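K.L.:
Each chain, letter by letter, is given below.
Protein chains: 2
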Amino acid sequence: MNDQFMQAAIDEAIIGRDEGGIPIGSVLVIDGQIVGRGHNRRVQKGSSVLHAEMDALENAGRLTAAQYGRATLYSTLSPCDMCSGAALLYQIPTIIVGENKTFQGPEKYVRSRGVSLTVLDNETCVELMNAFIAKHPELWNEDIGV
Amino acid sequence: MNDQFMQAAIDEAIIGRDEGGIPIGSVLVIDGQIVGRGHNRRVQKGSSVLHAEMDALENAGRLTAAQYGRATLYSTLSPCDMCSGAALLYQIPTIIVGENKTFQGPEKYVRSRGVSLTVLDNETCVELMNAFIAKHPELWNEDIGV
Numbered sequence: 018m019n020d021q022f023m024q025a026a027i028d029e030a031i032i033g034r035d036e037g038g039i040p041i042g043s044v045l046v047i048d049g050q051i052v053g054r055g056h057n058r059r060v061q062k063g064s065s066v067l068h069a070e071m072d073a074l075e076n077a078g079r080l081t082a083a084q085y086g087r088a089t090l091y092s093t094l095s096p097c098d099m100c101s102g103a104a105l106l107y108q109i110p111t112i113i114v115g116e117n118k119t120f121q122g123p124e125k126y127v128r129s130r131g132v133s134l135t136v137l138d139n140e141t142c143v144e145l146m147n148a149f150i151a152k153h154p155e156l157w158n159e160d161i162g163v
Numbered sequence: 018m019n020d021q022f023m024q025a026a027i028d029e030a031i032i033g034r035d036e037g038g039i040p041i042g043s044v045l046v047i048d049g050q051i052v053g054r055g056h057n058r059r060v061q062k063g064s065s066v067l068h069a070e071m072d073a074l075e076n077a078g079r080l081t082a083a084q085y086g087r088a089t090l091y092s093t094l095s096p097c098d099m100c101s102g103a104a105l106l107y108q109i110p111t112i113i114v115g116e117n118k119t120f121q122g123p124e125k126y127v128r129s130r131g132v133s134l135t136v137l138d139n140e141t142c143v144e145l146m147n148a149f150i151a152k153h154p155e156l157w158n159e160d161i162g163v
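Residue numbers (this note's numbering), protein chains in the order written: chain A, 18 to 163; chain B, 18 to 163.
There could be a bad hint or two in this list.
What the hints assert, rightly or not - To spell it out: a stretch of chain A is covered by chain B in this simulated footprint if at least three of its residues, at any positions, have a beta carbon under 8 Å from a beta carbon of chain B; those stretches are:
(1) 54-65
(2) 81-90
(3) 102-112
Claimed, not checked - Here are the simulated DSS-like pairs of lysine-lysine, each with C-alpha atoms no more than 30 Å apart in a straight line:
(4) A:K118 - B:K125
(5) A:K118 - A:K62
(6) B:K125 - A:K125
(7) B:K118 - B:K62
(8) A:K62 - A:K152
(9) B:K152 - B:K62
(10) B:K118 - B:K152
(11) A:K118 - A:K152
(12) B:K118 - A:K125
(13) B:K62 - A:K62
Keep in mind the hints are simulated off the structure, nothing from the lab. The structure presented is a predicted model; accordingly, all values stated were derived computationally and were not measured. We treat Cβ as the ideally placed atom computed from N, Cα and C, and that holds for glycine.
Next comes chain A alone, as it looks inside the complex (with noise of 0.2 Å):
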């Protein structure tokens, strides 16, 4: 697996893991660019909100519906119902995921809506959830609302 932008991802979960938070990560890309990168911030900001497709939205500013057509959303894990309905909000077309095998979001619905998702197996994505969850089970399922 070679694609710089799900490379950018991981860079990013890996940052949120370093400071003690879950470790996803998401880019946001258009044109070829990375316009905006985020990981899980629910630990290091006590925030609900900010899971890294959010995060990575979020910095990437206020943006045009012109551009959202142009943009592809990257994760290092399925977007649970919250990041997807982010992306659906905005019309992002294409979104491409690292794993599903440790967390699955609404990946039928998305799809049905529309949008082009992927999803890669990445086995670096799925070692860093695995081994985040087998430490801390309690913050995961906060963060997935279980």
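Starting from the structure of chain A, add chain B where the hints point.
P.N.:
Chain B only, in chain A's frame:
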């Protein structure tokens, strides 16, 4: 209409309007108490993710699944895909909506996921949005991704 919590959401919408922002407000209520309140922050913070409901959820801080399971989310406007998704993520069982005439989110899908969603047809909520949309159609379109 004399629901104190919808009135609190309307108060938040008016704060947002008076800040020059998009007049949508929200409160999260648990056990008869407001635990988080917020309003749309696109203009005020340059935020693409802090819709009113997201702002209320963020301001409520990190909660447990048991707390979300007793929560009601009030919003002056029908929640968009992102905000609906946040409610689904945290399995908030009840959503009370001021109005859905000026914008309608994925209400049918939200109900299909087991959420009780009630629309009040509150005229103050409609008037706040109509006045804003007439003055700033471009801002409103940006906020709903069109």
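K.L.:
All the hints need checking, so say for each whether the structure fits it.
P.N.:
Structure-based check of each hint:
Given as covered by chain B, the stretch 54-65 of chain A passes the check, having 4 residues with a CB less than 8 Å from a CB of that chain where 3 are the minimum. Counting residues of the stretch 81-90 of chain A whose beta-carbon sits less than 8 Å from any beta-carbon of chain B gives 3, enough to reach three: the coverage restraint holds. Given a C-beta distance limit of less than 8 Å, the hint that chain B covers the stretch 102-112 of chain A holds, as 6 residues qualify and 3 suffice. For the hint linking K118 of chain A to K125 of chain B, the alpha-carbon distance of about 29 Å falls within 30 Å, and the restraint holds.
Only pairs whose Cα atoms come within 30 Å are accepted, and K118 of chain A paired with K62 of chain A is accepted, the gap being roughly 27 Å. Of the supplied pair hints, the one linking K125 of chain B and K125 of chain A holds, its CA atoms being roughly 17 Å apart against a limit of 30 Å. This hinted pair checks out: K118 of chain B and K62 of chain B have alpha carbons roughly 27 Å apart, not beyond 30 Å. Only pairs whose Cα atoms come within 30 Å are accepted, and K62 of chain A paired with K152 of chain A is accepted, the gap being roughly 20 Å.
For the proposed pair K152 of chain B and K62 of chain B, the alpha carbon gap of about 20 Å is at most 30 Å, so the pair holds. As the CA atoms of K118 of chain B and K152 of chain B are separated by approximately 17 Å, the hinted pair is consistent with the 30 Å bound. At most 30 Å may separate the alpha-carbon atoms for a hinted pair to count; K118 of chain A and K152 of chain A meet this at roughly 17 Å. A hinted pair counts as satisfied when its Cα atoms are at most 30 Å apart, and K118 of chain B with K125 of chain A qualifies at roughly 29 Å.
Restraint check: the Cα-Cα separation between K62 of chain B and K62 of chain A comes to about 17 Å, which is no more than 30 Å; the hinted pair holds.
Every hint, counting from the list given before, is met by this structure.
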